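Quick mapping for you: the protein sequence lines, in order, are chains E and F.
Counting from 1, one number per residue, gives the positions in the first sequence under my numbering.
Counting from 372, one number per residue, gives the positions in the second sequence under my numbering.
In case anyone wonders, no lab produced these hints; they're calculated from the structure.
Mixed in with the good hints there might be a few duds.
Using 27 Å as the maximum straight-line C-alpha spacing, the simulated DSS-like pairs for lysine-lysine come out as follows [unchecked claim]:
(1) E:K41 <-> F:K546
(2) F:K444 <-> E:K293
(3) F:K546 <-> F:K444
(4) E:K73 <-> E:K172
(5) F:K412 <-> F:K654
(6) E:K2 <-> E:K105
(7) E:K358 <-> E:K283
(8) E:K283 <-> E:K41
(9) E:K73 <-> F:K412
(10) E:K41 <-> F:K444
(11) E:K41 <-> F:K658
(12) E:K287 <-> F:K546
(13) E:K287 <-> F:K412
(14) F:K412 <-> F:K658
(15) E:K293 <-> F:K664
(16) F:K546 <-> E:K73
All of these numbers come straight from a predicted model, not from anything done at the bench.
There are 2 protein chains.
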Amino acid sequence: MKFTFELIKKDSSARLGRAHTPHGSFNTPVFMPVGTKGSVKGMTPDELTGMGVEIILANTYHLYLRPGHRLVKELGGLHGFMSWSGPILTDSGGFQVFSLGKLRKITEEGVQFSSHLDGARCSLTPESAIEIQEALGADVIMPLDECTPYPADREYTVNSMNLTHRWARRCKDAKIPNGQALFGIVQGGMYTDLRRESAGALVDMDFDGYSIGGLSVGEEKELMQEMIAATVPLLPQDKPRYLMGVGTPEDLVYGVEMGVDMFDCVMPTRNARNGTLFTRFGKLVIKNAQYEKDPRPIDDGCGCYTCRNFSRAYLRHLYMAGEMLAPRLNTIHNLFYYTDLMARMRQAIGEGRFNEFKKDFYGQRLHTEDI
Amino acid sequence: MKFTFELIKKDSSARLGRAHTPHGSFNTPVFMPVGTKGSVKGMTPDELTGMGVEIILANTYHLYLRPGHRLVKELGGLHGFMSWSGPILTDSGGFQVFSLGKLRKITEEGVQFSSHLDGARCSLTPESAIEIQEALGADVIMPLDECTPYPADREYTVNSMNLTHRWARRCKDAKIPNGQALFGIVQGGMYTDLRRESAGALVDMDFDGYSIGGLSVGEEKELMQEMIAATVPLLPQDKPRYLMGVGTPEDLVYGVEMGVDMFDCVMPTRNARNGTLFTRFGKLVIKNAQYEKDPRPIDDGCGCYTCRNFSRAYLRHLYMAGEMLAPRLNTIHNLFYYTDLMARMRQAIGEGRFNEFKKDFYGQRLHTEDI
Chain E
1 MKFTFELIKK DSSARLGRAH TPHGSFNTPV FMPVGTKGSV KGMTPDELTG MGVEIILANT
61 YHLYLRPGHR LVKELGGLHG FMSWSGPILT DSGGFQVFSL GKLRKITEEG VQFSSHLDGA
121 RCSLTPESAI EIQEALGADV IMPLDECTPY PADREYTVNS MNLTHRWARR CKDAKIPNGQ
181 ALFGIVQGGM YTDLRRESAG ALVDMDFDGY SIGGLSVGEE KELMQEMIAA TVPLLPQDKP
241 RYLMGVGTPE DLVYGVEMGV DMFDCVMPTR NARNGTLFTR FGKLVIKNAQ YEKDPRPIDD
301 GCGCYTCRNF SRAYLRHLYM AGEMLAPRLN TIHNLFYYTD LMARMRQAIG EGRFNEFKKD
361 FYGQRLHTED I
Chain F
372 MKFTFELIKK DSSARLGRAH TPHGSFNTPV FMPVGTKGSV KGMTPDELTG MGVEIILANT
432 YHLYLRPGHR LVKELGGLHG FMSWSGPILT DSGGFQVFSL GKLRKITEEG VQFSSHLDGA
492 RCSLTPESAI EIQEALGADV IMPLDECTPY PADREYTVNS MNLTHRWARR CKDAKIPNGQ
552 ALFGIVQGGM YTDLRRESAG ALVDMDFDGY SIGGLSVGEE KELMQEMIAA TVPLLPQDKP
612 RYLMGVGTPE DLVYGVEMGV DMFDCVMPTR NARNGTLFTR FGKLVIKNAQ YEKDPRPIDD
672 GCGCYTCRNF SRAYLRHLYM AGEMLAPRLN TIHNLFYYTD LMARMRQAIG EGRFNEFKKD
732 FYGQRLHTED I
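In isolation and in its complexed conformation, chain E is listed as follows:
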């Protein structure tokens, strides 16, 4: 089965859609929880499905190093290995090579690096990145790209972008025709004209969807928004747009407003483990002494398992005592918050009232005293 994308409805630039993959469909705009090493930290597949998660992301770099893509393939691909029957997206590994790998060296051929686990010398080329992702068997895969560092001058950014384009072409050529969708990744650093040039070059190559890479790398929020605004309008209406590694709830609302369809970020899961919880009114840091005797749930408007069953006082106790249940209950809440936020945005777009949704969303955030 081939990957397809239906654009169901638009509300100004915000889009309601549905993507179909060999492992089922997902509704967009969507947030994809990150399952770095073949597991969304602390969560079972059943729990994810139960809270409405329809697609998850896994990291090629981590799985390539351990346990290895060949082992994963032998055990039924990522779907069989981790017992997740729905859609999966994998990145190309490039971003992690740049952020985690040591002694990396970029050439026209690809990138050489030392494993962050044991220092072993490894390499990724456009062709091997595709081969690895074919072995992992995700439904949506990414080409190898260079995530342009921030800050970078114009010359570096141009060269980096052009390398990403040549690698994108090689990835497209290397890919076996199968059910996997291959997206193109728009780079161009913090230069709006380069972002536009990159979008144009990739659209000309005709990918199954388009990713916006190289953002949320340390730049100001306004700059990120400027780059998103410059890029999205140049992407075709009939293909999904994926804003990589972004972001905060506010970023998701902004991205959806601009016409982005897919998001991923470690924020809800990582923050959960650190005890930072999302509410309608903003963030709550569970270890704070003010919650010691607080009998209320994290957010009394939330329908997650954690909020239906446990008080802030109990969650604070678990956190302070270092109990395993703390990161777990916190992750359940934060992922539910993100998943529910996307569901509410989809509903608002479907009903043509995204602007009203946005007003309410920001209105609630003025009431931090309600946390």
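With the hints as your guide, set chain F onto chain E.
Same frame as chain E, but now just chain F:
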């Protein structure tokens, strides 16, 4: 509602029973998962209920130090605090004072110690141990006792046992008449005559049930079994017997055969976190290289969520990668194994074929090559 115990059927000395508490009933023989700090490590109440757990244990010592029994009481007692609606048993805190507390000093009055968390000077007396457990609100509570160290000479053991008896009396006198059941704890070290004397003294005081303490403290298995065999026959048929802190699957089978009704142990949960998993054929250490590509579940005869969904290869990967899901899936399996073992023993007793069950149980354990 008062605590009651029904003896439903006997098969030789093995007993099938049912206990009724203010928070519902539980079938015996039963294994109680340990929720030291108000949480069975990594497990939600729903998951425990789902696998057939009917009663859990929490540790008075830990909850007294953090978050404190007054806070727990304010938040609805342990049941409300941890959102567990079924029966709970708490120990008296004595055992942890002896094993974890520093600078402990035992007097007739009680025991003084320094908190293992921050060195704060604390004390427990028979009266305060009861008061704390009344605040925690468990359904079955324990009197303060001295867990006689091993080895201990006869003189020490006699004095220690007599102190435990005097404390037991004070606990009984201090207890408010409410729905909580108070058990007596049999001590007597490794002397069968002292064990018999202790059982007799406690039975004379008429408790709601009887615990066998001071075992599994480093002694040989044969010695432990000798003490159990010496004690149980002196306990009344119409009250439950609880073998504290024991043990391995073999210990549970032995205890049930001798007429024990209740067990608790950290073994299934702690071993799970260390990657040691229970199977019909014996133990499996998931990190071993032989499981690297093993597509089989932990035990193909097991019906737990982990075995129904995941391979040894995936569980090994999660363990090696330090993923949070590893201890969780392992805990689900081990607790299911223990819970299921008890259910199968209850069924065998009900059908008058406990001896046959025991033969099968030991027969399977000869086939370690099947792991």
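Going through the hints against the structure:
Only pairs whose Cα atoms come within 27 Å are accepted, and K41 of chain E paired with K546 of chain F is rejected, the gap being roughly 45 Å. A threshold of 27 Å between alpha carbons decides the hint, and for K444 of chain F with K293 of chain E the separation of about 11 Å falls inside it, so the pair holds. Taking the CA atoms of K546 of chain F and K444 of chain F, the gap is near 17 Å; set against the 27 Å cutoff, the hint holds. At roughly 21 Å between alpha-carbon atoms, K73 of chain E and K172 of chain E fall within 27 Å of each other, so this suggested pair holds.
Distance hint between K412 of chain F and K654 of chain F is fulfilled; the C-alpha atoms sit about 20 Å from each other, no more than 27 Å. With a C-alpha separation of about 36 Å, the suggested pairing of K2 of chain E with K105 of chain E is violated against the 27 Å cut-off. Simply put, K358 of chain E and K283 of chain E have alpha-carbon atoms about 18 Å apart, close enough for the 27 Å limit, and the pair holds. Under the criterion of a C-alpha separation no larger than 27 Å, the hint pairing K283 of chain E with K41 of chain E is consistent with the structure, at around 20 Å.
Simply put, K73 of chain E and K412 of chain F have alpha-carbon atoms about 33 Å apart, too far for the 27 Å limit, and the pair is violated. Only pairs whose Cα atoms come within 27 Å are accepted, and K41 of chain E paired with K444 of chain F is rejected, the gap being roughly 33 Å. Only pairs whose Cα atoms come within 27 Å are accepted, and K41 of chain E paired with K658 of chain F is accepted, the gap being roughly 19 Å. The hinted pair formed by K287 of chain E and K546 of chain F fails the criterion: a straight-line CA distance of about 35 Å is larger than 27 Å.
Simply put, K287 of chain E and K412 of chain F have alpha-carbon atoms about 19 Å apart, close enough for the 27 Å limit, and the pair holds. Taking the CA atoms of K412 of chain F and K658 of chain F, the gap is near 20 Å; set against the 27 Å cutoff, the hint holds. Between K293 of chain E and K664 of chain F the alpha-carbon distance is near 48 Å, which puts this suggested pair outside the 27 Å criterion. The suggested pairing of K546 of chain F with K73 of chain E is violated, with an alpha-carbon distance near 62 Å, which exceeds 27 Å.
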